[in-house]
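Just need the whole structure built from these sequences, with the hints factored in.
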Amino acid sequence: MTDRLIEQLVNDLQPKKPLVDLKLWMHCTACLAMVSVAILMFMGLRGDYLSAMQNGALFWKPGIFLMAWIGSLLLITDISRPNGGLRKEHTIPLMAAGTLLIWQFIVQSRQLSLTDMTHSLSDGSALYCLSVIMGGGAIAMMMAWKYWFSKTASRYPTLLGALAGLSAGCLAAAAYALHCDHDVALYVSVYYGAPVLLLSLAGAILGRKFLRW
Amino acid sequence: MEPSLLISNASLYDRRMPYGNEKQEKRWQALVVKAQSGDAASYQILLTEIVPVIRRVVLRSLPSPDITDDVVQEVLLSVHKALHTYDSERPFTPWLLAIVNFRKTDFLRQHYASRGNRQVPLESVEIPDYLSNSDASSTFRDIENAIGELPEKQKEVVELLKIEGYSTKEVSEKTGLSESAVKVTMHRALQKLKEKLA
Numbered sequence: 000m001t002d003r004l005i006e007q008l009v010n011d012l013q014p015k016k017p018l019v020d021l022k023l024w025m026h027c028t029a030c031l032a033m034v035s036v037a038i039l040m041f042m043g044l045r046g047d048y049l050s051a052m053q054n055g056a057l058f059w060k061p062g063i064f065l066m067a068w069i070g071s072l073l074l075i076t077d078i079s080r081p082n083g084g085l086r087k088e089h090t091i092p093l094m095a096a097g098t099l100l101i102w103q104f105i106v107q108s109r110q111l112s113l114t115d116m117t118h119s120l121s122d123g124s125a126l127y128c129l130s131v132i133m134g135g136g137a138i139a140m141m142m143a144w145k146y147w148f149s150k151t152a153s154r155y156p157t158l159l160g161a162l163a164g165l166s167a168g169c170l171a172a173a174a175y176a177l178h179c180d181h182d183v184a185l186y187v188s189v190y191y192g193a194p195v196l197l198l199s200l201a202g203a204i205l206g207r208k209f210l211r212w
Numbered sequence: 000m001e002p003s004l005l006i007s008n009a010s011l012y013d014r015r016m017p018y019g020n021e022k023q024e025k026r027w028q029a030l031v032v033k034a035q036s037g038d039a040a041s042y043q044i045l046l047t048e049i050v051p052v053i054r055r056v057v058l059r060s061l062p063s064p065d066i067t068d069d070v071v072q073e074v075l076l077s078v079h080k081a082l083h084t085y086d087s088e089r090p091f092t093p094w095l096l097a098i099v100n101f102r103k104t105d106f107l108r109q110h111y112a113s114r115g116n117r118q119v120p121l122e123s124v125e126i127p128d129y130l131s132n133s134d135a136s137s138t139f140r141d142i143e144n145a146i147g148e149l150p151e152k153q154k155e156v157v158e159l160l161k162i163e164g165y166s167t168k169e170v171s172e173k174t175g176l177s178e179s180a181v182k183v184t185m186h187r188a189l190q191k192l193k194e195k196l197a
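Chains as they are written, first to last, in numbering that gives the first Met the number 0: chain A, 0 to 212; chain B, 0 to 197.
Careful, some of the hints might be misleading.
Within a straight-line C-alpha distance of at most 20 Å, the following computed DMTMM-like cross-link-like pairs (lysine to aspartate or glutamate) qualify [to be verified]:
1) Lys-33(B) / Asp-11(A)
2) Lys-80(B) / Glu-6(A)
3) Lys-16(A) / Glu-88(B)
4) Lys-33(B) / Asp-122(A)
5) Lys-161(B) / Glu-122(B)
Across the chosen pairs, the derived CB separations fall in these ranges [stated by the list, open to error]:
6) Arg-59(B) / Arg-3(A): 22 to 30 Å
7) Lys-208(A) / Pro-120(B): 15 to 23 Å
8) Gln-7(A) / Thr-167(B): 34 to 42 Å
To spell it out: a stretch of chain B is covered by chain A in this simulated footprint if at least three of its residues, at any positions, have a beta carbon under 8 Å from a beta carbon of chain A; those stretches are [as the list claims (entries may be wrong)]:
9) 66-77
10) 81-88
11) 91-103
12) 151-160
13) 185-195
Treat the hints as calculated values from the structure; they're not laboratory data. Glycine residues also receive a C-beta, built at the ideal position from the N, C-alpha and C atoms.
Below you can see the structure in the form of structure tokens.
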């Protein structure tokens, strides 16, 4: 039986390009550049970019999501192969992103009252922010899925799917942060965090179903 | 059974190769790289050579040797599907063993899950002799006690070799003794056990 199976597998052999981590990085960087250019072309850079540069909002807001994006890509390359496992040091960018967000909460809590912070959540453009990040992230995830994730063989398909969603969501959020002028940390956590989490959840569900091998 | 998710810097790739040797490792690496580029002959040699390794790994933890071939075939199919994920910069054996363990765990999970619904009437349960027979039970206790009284090194060798079923070579690797020292230690331990149980 086993000999016959070997014969069938040998007959079925097709030359395949090996999975190369560098290609994922290049693909995702190209996606980030394209989404950023599209957002800058169609929506434009935030109107108050000079003051945002001075108070650091133009850096910390995209920075949080860029760090999380880099962290998720590192973890993705860790577990894309059967013999892969998460490396502790690759979780550092994700932790750094969380720390930066907490730091912003602390800094802003000295300048804004809790009422001001919660008031920012009722802004009319929140749904717009949420849907742009969700839509952009979904497109980025579909592209990466076709290009990379469908070719992986991970022992942790659910986690790999969740990381696919996380990286795509962070990519869209980092690009959109160049346009959006809402800098309250609570607003960023809720209206940027929610689509990123939703995409991660969708990725986990898809990964559980489609990344099994 | 689930492999640990978080690994340290000394990752799977750096672990000692438990099967084969460096020469064989290099040979397999060359074969798998050729197979990735579509060389059927190399692929056939590779698959044929890895079958005994897969069989040896899975045989140890399967509840019945009859299902070994099923698991071996599952592993071969997975190797075929994941062939392009092998990175030629890294050793082949850890990649293969990761697939073997993954498939074996999957297989065992399904196997035990399907057993979970099986109902066995209480009357048909066979009670082993050593549980029902007090003489046999005390004999087992005596043997356990005798092993427990052996010097530490001898006890370790007896447990690894005779209870856990490792080969002399594996015990030698685990204990740091040479293979002949393992055999001598085992011989001495058996002599002592014979004396104690006489």
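Right, here's what the structure says about each hint:
1. Lys-33(B) / Asp-11(A): Within the cut-off at roughly 15 Å; holds.
2. Lys-80(B) / Glu-6(A): 15 Å, holds
3. Lys-16(A) / Glu-88(B): 15 Å, holds
4. Lys-33(B) / Asp-122(A): Status violated; Cα separation ~60 Å.
5. Lys-161(B) / Glu-122(B): Between Lys-161(B) and Glu-122(B) the Cα gap is close to 33 Å, so the pair fails against 20 Å, i.e. violated.
6. Arg-59(B) / Arg-3(A): 22 to 30 Å: 25 Å, holds
7. Lys-208(A) / Pro-120(B): 15 to 23 Å: Since the Cβ atoms of Lys-208(A) and Pro-120(B) sit about 39 Å apart, the hinted range of 15 to 23 Å is violated.
8. Gln-7(A) / Thr-167(B): 34 to 42 Å: Because 38 Å falls inside the window, the suggested range holds.
9. 66-77: holds (count 6)
10. 81-88: Holds, because 7 residues of the region 81-88 of chain B bring their Cβ atoms closer than 8 Å to Cβ atoms of chain A.
11. 91-103: holds (count 6)
12. 151-160: violated (count 0)
13. 185-195: That given contact is violated, which follows from only 0 residues of the region 185-195 of chain B lying within Cβ reach (below 8 Å) of chain A.
When the structure is compared with the earlier hints, violations turn up for hints 4, 5, 7, 12, 13 and for no others.
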